[in-house]
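Protein chains: 2
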Amino acid sequence: MSTSLFEQHRARLDSALEAIRTRGYWPAYNEMPSPKVYGETAPDDGKRAFEAHLGKQFTLDQPGQTGWHAGERSPYGVKLDVEYPVCDVAALIAAGQQAMSAWQAVGCEGRTGICVEILERLNRQSFELAHAVMMTTGQGWMMAFQAGAPHAQDRGLEAVAYAYREQSFIPAETTWEKPQGKNPPLVMKKRFEVVGRGVAVVIGCATFPTWNTYPGLFAALATGNPVIVKPHPNAILPAAISVRTIRQTLAENGIDPNLVTLCVARDNETTQRLVRDPAVRSIDFTGGSAFGQWLDQNCRQAQLYAELSGVNNVVIDSTDAYKAMMRNIAFTLSLYSGQMCTTTQAILVPAGGIATDEGHKSYDEICADLARAIEGLLGKPEVAFAVLGAVQSPDTLRRIDLANGGTIGRVVLASRKLDNPDFPNGEFHTPALLACDAADEAFYMEERFGPITYVVKVADTAAAVALSERIVNTRGALTAGLYSTSQQVIDAMTHATWRSKVALSVNLTSGVFVNQTSAFSDYHGTGGNPAANASLADSAFVANRFRVVQLRYHV
Amino acid sequence: MSTSLFEQHRARLDSALEAIRTRGYWPAYNEMPSPKVYGETAPDDGKRAFEAHLGKQFTLDQPGQTGWHAGERSPYGVKLDVEYPVCDVAALIAAGQQAMSAWQAVGCEGRTGICVEILERLNRQSFELAHAVMMTTGQGWMMAFQAGAPHAQDRGLEAVAYAYREQSFIPAETTWEKPQGKNPPLVMKKRFEVVGRGVAVVIGCATFPTWNTYPGLFAALATGNPVIVKPHPNAILPAAISVRTIRQTLAENGIDPNLVTLCVARDNETTQRLVRDPAVRSIDFTGGSAFGQWLDQNCRQAQLYAELSGVNNVVIDSTDAYKAMMRNIAFTLSLYSGQMCTTTQAILVPAGGIATDEGHKSYDEICADLARAIEGLLGKPEVAFAVLGAVQSPDTLRRIDLANGGTIGRVVLASRKLDNPDFPNGEFHTPALLACDAADEAFYMEERFGPITYVVKVADTAAAVALSERIVNTRGALTAGLYSTSQQVIDAMTHATWRSKVALSVNLTSGVFVNQTSAFSDYHGTGGNPAANASLADSAFVANRFRVVQLRYHV
Numbered sequence: 010m011s012t013s014l015f016e017q018h019r020a021r022l023d024s025a026l027e028a029i030r031t032r033g034y035w036p037a038y039n040e041m042p043s044p045k046v047y048g049e050t051a052p053d054d055g056k057r058a059f060e061a062h063l064g065k066q067f068t069l070d071q072p073g074q075t076g077w078h079a080g081e082r083s084p085y086g087v088k089l090d091v092e093y094p095v096c097d098v099a100a101l102i103a104a105g106q107q108a109m110s111a112w113q114a115v116g117c118e119g120r121t122g123i124c125v126e127i128l129e130r131l132n133r134q135s136f137e138l139a140h141a142v143m144m145t146t147g148q149g150w151m152m153a154f155q156a157g158a159p160h161a162q163d164r165g166l167e168a169v170a171y172a173y174r175e176q177s178f179i180p181a182e183t184t185w186e187k188p189q190g191k192n193p194p195l196v197m198k199k200r201f202e203v204v205g206r207g208v209a210v211v212i213g214c215a216t217f218p219t220w221n222t223y224p225g226l227f228a229a230l231a232t233g234n235p236v237i238v239k240p241h242p243n244a245i246l247p248a249a250i251s252v253r254t255i256r257q258t259l260a261e262n263g264i265d266p267n268l269v270t271l272c273v274a275r276d277n278e279t280t281q282r283l284v285r286d287p288a289v290r291s292i293d294f295t296g297g298s299a300f301g302q303w304l305d306q307n308c309r310q311a312q313l314y315a316e317l318s319g320v321n322n323v324v325i326d327s328t329d330a331y332k333a334m335m336r337n338i339a340f341t342l343s344l345y346s347g348q349m350c351t352t353t354q355a356i357l358v359p360a361g362g363i364a365t366d367e368g369h370k371s372y373d374e375i376c377a378d379l380a381r382a383i384e385g386l387l388g389k390p391e392v393a394f395a396v397l398g399a400v401q402s403p404d405t406l407r408r409i410d411l412a413n414g415g416t417i418g419r420v421v422l423a424s425r426k427l428d429n430p431d432f433p434n435g436e437f438h439t440p441a442l443l444a445c446d447a448a449d450e451a452f453y454m455e456e457r458f459g460p461i462t463y464v465v466k467v468a469d470t471a472a473a474v475a476l477s478e479r480i481v482n483t484r485g486a487l488t489a490g491l492y493s494t495s496q497q498v499i500d501a502m503t504h505a506t507w508r509s510k511v512a513l514s515v516n517l518t519s520g521v522f523v524n525q526t527s528a529f530s531d532y533h534g535t536g537g538n539p540a541a542n543a544s545l546a547d548s549a550f551v552a553n554r555f556r557v558v559q560l561r562y563h564v
Numbered sequence: 010m011s012t013s014l015f016e017q018h019r020a021r022l023d024s025a026l027e028a029i030r031t032r033g034y035w036p037a038y039n040e041m042p043s044p045k046v047y048g049e050t051a052p053d054d055g056k057r058a059f060e061a062h063l064g065k066q067f068t069l070d071q072p073g074q075t076g077w078h079a080g081e082r083s084p085y086g087v088k089l090d091v092e093y094p095v096c097d098v099a100a101l102i103a104a105g106q107q108a109m110s111a112w113q114a115v116g117c118e119g120r121t122g123i124c125v126e127i128l129e130r131l132n133r134q135s136f137e138l139a140h141a142v143m144m145t146t147g148q149g150w151m152m153a154f155q156a157g158a159p160h161a162q163d164r165g166l167e168a169v170a171y172a173y174r175e176q177s178f179i180p181a182e183t184t185w186e187k188p189q190g191k192n193p194p195l196v197m198k199k200r201f202e203v204v205g206r207g208v209a210v211v212i213g214c215a216t217f218p219t220w221n222t223y224p225g226l227f228a229a230l231a232t233g234n235p236v237i238v239k240p241h242p243n244a245i246l247p248a249a250i251s252v253r254t255i256r257q258t259l260a261e262n263g264i265d266p267n268l269v270t271l272c273v274a275r276d277n278e279t280t281q282r283l284v285r286d287p288a289v290r291s292i293d294f295t296g297g298s299a300f301g302q303w304l305d306q307n308c309r310q311a312q313l314y315a316e317l318s319g320v321n322n323v324v325i326d327s328t329d330a331y332k333a334m335m336r337n338i339a340f341t342l343s344l345y346s347g348q349m350c351t352t353t354q355a356i357l358v359p360a361g362g363i364a365t366d367e368g369h370k371s372y373d374e375i376c377a378d379l380a381r382a383i384e385g386l387l388g389k390p391e392v393a394f395a396v397l398g399a400v401q402s403p404d405t406l407r408r409i410d411l412a413n414g415g416t417i418g419r420v421v422l423a424s425r426k427l428d429n430p431d432f433p434n435g436e437f438h439t440p441a442l443l444a445c446d447a448a449d450e451a452f453y454m455e456e457r458f459g460p461i462t463y464v465v466k467v468a469d470t471a472a473a474v475a476l477s478e479r480i481v482n483t484r485g486a487l488t489a490g491l492y493s494t495s496q497q498v499i500d501a502m503t504h505a506t507w508r509s510k511v512a513l514s515v516n517l518t519s520g521v522f523v524n525q526t527s528a529f530s531d532y533h534g535t536g537g538n539p540a541a542n543a544s545l546a547d548s549a550f551v552a553n554r555f556r557v558v559q560l561r562y563h564v
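Going down the list, the sequences are from chains U and B. Quick note: the first sequence uses my numbering, first residue 10, plus one each step. Quick note: the second sequence uses my numbering, first residue 10, plus one each step.
FYI, nobody ran anything at the bench for these hints, they're computed from the structure. Be a bit skeptical, because a hint or two may be false.
Here are the simulated lysine-lysine pairs, PhoX-like style, with alpha carbons at most 25 Å apart [stated by the list, open to error]:
1) U:K332 to U:K389
2) B:K45 to B:K65
3) B:K88 to B:K45
4) B:K198 to B:K187
5) U:K191 to B:K56
6) U:K65 to U:K88
7) U:K191 to B:K191
8) U:K187 to B:K88
9) U:K426 to U:K389
10) U:K88 to U:K56
11) B:K56 to B:K45
12) B:K56 to B:K88
13) B:K426 to B:K88
14) U:K45 to B:K187
15) U:K332 to B:K187
16) B:K332 to B:K389
17) U:K198 to U:K187
18) U:K45 to B:K191
19) B:K389 to U:K198
20) U:K426 to U:K88
21) U:K332 to B:K45
22) U:K56 to U:K45
23) B:K187 to U:K187
24) U:K332 to B:K198
The following block holds chain U by itself, in its conformation from the complex (with noise of 0.2 Å):
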């Protein structure tokens, strides 16, 4: 059954595996929440399968299960009120050790094709994990639609592919044959068996609970891994749904669905003695990097791979085209209220301005163009909600006043809140810019997560380079941006990146924008600077969940 899986869903694969080796734009899933594209009823249906879980337990049948757990709240402030399973993390570690043989006899094949499989499902209730994932991490509609599904399953698809490429490297078997001169050679069997590490855990987060969680989680089911899934507790739901389906699809295809479980939470003690057990070998986690070095520091049995905080920062040195850059970055600043791990928190600007293509700007003139280009942009409601989403966190709302008191920076544009009819128990806020000088390195060098940035006075452009370079080797960042007309500084910030180790995008100007990345095509983190230690996707990111096993003998 899973060989046939393997056979239908071979041309997406082949795709995929020719993508991940030419890196250009291939979208395996379609990013447009279109009837035409998903079916005439798939809106309707995404919803009402949605609005079924709210006020509900939602059953999983997962062993050692000891109660319910609930406490979701939405940014939109609506009622979700969806109880989940609470499972003893020993049962489930146990549950997941069980089913592991049985999925590393079903073969790389097999399990390509059941992990395919399991995405085109997944797929098909995109409308559905759009609006659990727009419930709970207050995503507007569209980016909840992209990013909370079709993107995020490319995101797992490409996980497979690496997957995919490193395991079938590995010869099931080989013949080995020495000469001996005159005597008959010396001829041995091998067989080479993958096996997966072990139990492995995916610890997501609060605003990309798909996006940040597939990768992880297929590159390690591919490689023959169990897996559980650790939501954050504000945003089970996408997580509970996606279980749910991986679960139903393994078992229609043989496989013990215990494999792969959702581990709900109550306390950070659980979560400690589920990732420091012996018997889970790997870790994928997205979240901050105090909890990243704990289990860094903690879990030494695991494979580690962390996406944790930075100070992503662009260095504006000139640029040709003003308007479209102010209008490129405001829109960057503000969608999902800069509650991405990608949005750029530092904008270096020396202090003697820049030359454009309207004459020279001074450092005070950008600073009051940009705020302008922000309040330009969400100037019309439908805009600002579309484009901002809601705040998740309490902690992100507390920055956000912290940002408007003036005392981590003077207020070039304060956050507003604004009133949402749709949503009156809301929290929909505008971004907050804020100014300093290089030197005020408490402000602007620590992650202020959220819609919070600052125009940073630096001596000139060369600073500026200097300081992107520091910012990033000390503090880490997902995206590099330079908007400069001048090969010369274009290089030089190019070799800052290599030694920093952070992706680079120039001179952006239109439907592209820095904390964007595009899967297949954009490594998503380097893995080589304080960000993340690993990248999505890549061979590093895959080979090391798997290990081979040779058996020998002579014939």
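Given chain U, work out where chain B should sit, using these hints.
Relative to chain U, chain B alone:
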């Protein structure tokens, strides 16, 4: 120049790539120390080249030299008195970093061509290297030649092939073109730069100073990193010769030779300062588990590839070739006086004895017959000296005394010291064979490096297989063996090794031994049990030694 080297060595690289894909028998470098292969004058030239180092200062022209250091003690009892440059650790690190960007600029093909060229030159120095390995490690001549030169070069080339394959997947650039309905598409050019992680440290061991050093050295070098080779204080010469050749080859190809340096550390503090330096981003280590765990805990800034202690074991269930089995095991235990990380330490035998082609053999008969097989093998002095080599470490001599004392197991065969007229001051010792019960875990459950082996009495075959699995899971192992005529037992042991992740050799009775692995075919270590966290060599061994930094812009 480097591109022409790539073209020049293209055929060999292609063969290596084919070999790692199919993993059959393929030696890149000839293992016979024959004038017909290496040239009529090669043996004499090599010996003279080796002798020319003795009693001299080994100049390397490295930065930050503060003095000279000697102190190698030959297990053959000959005087070496080579002095090596001692260099300031910070100077070596800074020089490596300085050399890195030009090495990056050469690109994957350029680096690959130079790495293969280095290996070709090392191959031409095989006799010189073999003498250096023999006299520092105590290996017998044939092993010193094979493992010290061609087999080590094979492992180096294997790492280069894996590194090339993974790097060659990264497209230098791509065009990303996203349709926009009726509007013109979004078009971006993306460039992908392969960037090494940073300074690599490769820590050698006392027994295989080239074989265990070349994989990490060439994996790190080929992926764009500077490398500092830190040899064991008693086996510096083979590393020094290798580093000199590497530096010469680099310089001749326009690369700063300080890309690769030798770090001779007078004390542990120097080594610790080296590996904890924030600039050090990867560490390859072969040695004891205690320092391996220290590295793991204290060098969190670096990727660690470690081969550590273990308890290799063989289960004997039954055989249809009793004498050949005994001969095979006897050779394994005798070769290089058991000073291999792959030598069997525990032979697990059912208490009720086993069925053989010579009828039933009791546990006691097996002990006695194995002792006889060892004595038979080593009966002729010239064979004994060739097979045993000399004992490298005073610690191993102490362990031999302990074994002979009878306090850590019943002495079946005591180790004997042999007098070698060619090397009157050398340390030549036959294997000690001890017997104990499975319950005597304190005896056999820790690594006793050297010629000390236990025949462990286990309740039955099933208990032996289970014990083997537990030993591997808890103490680690690089090798496991099985003798059985029952497919059911072979399957049970095979499944056990899948769970404990150790390579299994079944029914070895001729010219292949459980402690030998063949480059390009056998994975050395699985990386999945406590004896090693990485395998030599696979994709995981290379894929995380470089990162990809992208640059994107509109066109």
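Each hint, compared with the structure:
1. U:K332 to U:K389: holds, 19 Å
2. B:K45 to B:K65: The given pair, whose Cα atoms are some 31 Å apart, is violated under the 25 Å limit.
3. B:K88 to B:K45: violated, 31 Å
4. B:K198 to B:K187: It holds: about 12 Å lies between the C-alpha atoms, which stays within 25 Å.
5. U:K191 to B:K56: Violated - the C-alpha atoms of K56 (chain B) and K191 (chain U) are around 30 Å apart, more than 25 Å.
6. U:K65 to U:K88: holds, 12 Å
7. U:K191 to B:K191: violated, 74 Å
8. U:K187 to B:K88: Given that 25 Å is the threshold and the Cα spacing comes to 38 Å, the pair is violated.
9. U:K426 to U:K389: Within the cut-off at roughly 14 Å; holds.
10. U:K88 to U:K56: Holds, because 15 Å separates the two Cα atoms, which is no more than 25 Å.
11. B:K56 to B:K45: holds, 17 Å
12. B:K56 to B:K88: Holds. K56 (chain B) to K88 (chain B) sits at ~15 Å (cutoff 25 Å).
13. B:K426 to B:K88: Given pair K426 (chain B), K88 (chain B) holds - Cα atoms ~21 Å apart, limit 25 Å.
14. U:K45 to B:K187: Given pair K45 (chain U), K187 (chain B) holds - Cα atoms ~19 Å apart, limit 25 Å.
15. U:K332 to B:K187: Within the cut-off at roughly 23 Å; holds.
16. B:K332 to B:K389: holds, 19 Å
17. U:K198 to U:K187: Given pair K198 (chain U), K187 (chain U) holds - Cα atoms ~12 Å apart, limit 25 Å.
18. U:K45 to B:K191: holds, 17 Å
19. B:K389 to U:K198: violated, 34 Å
20. U:K426 to U:K88: OK: K426 (chain U) and K88 (chain U) at ~21 Å, within 25 Å.
21. U:K332 to B:K45: Answer violated: K332 (chain U) to K45 (chain B) is near 75 Å, above 25 Å.
22. U:K56 to U:K45: holds, 17 Å
23. B:K187 to U:K187: violated, 53 Å
24. U:K332 to B:K198: holds, 22 Å
Hints 2, 3, 5, 7, 8, 19, 21 and 23 from the list above are not met by this structure, while the remaining hints are.
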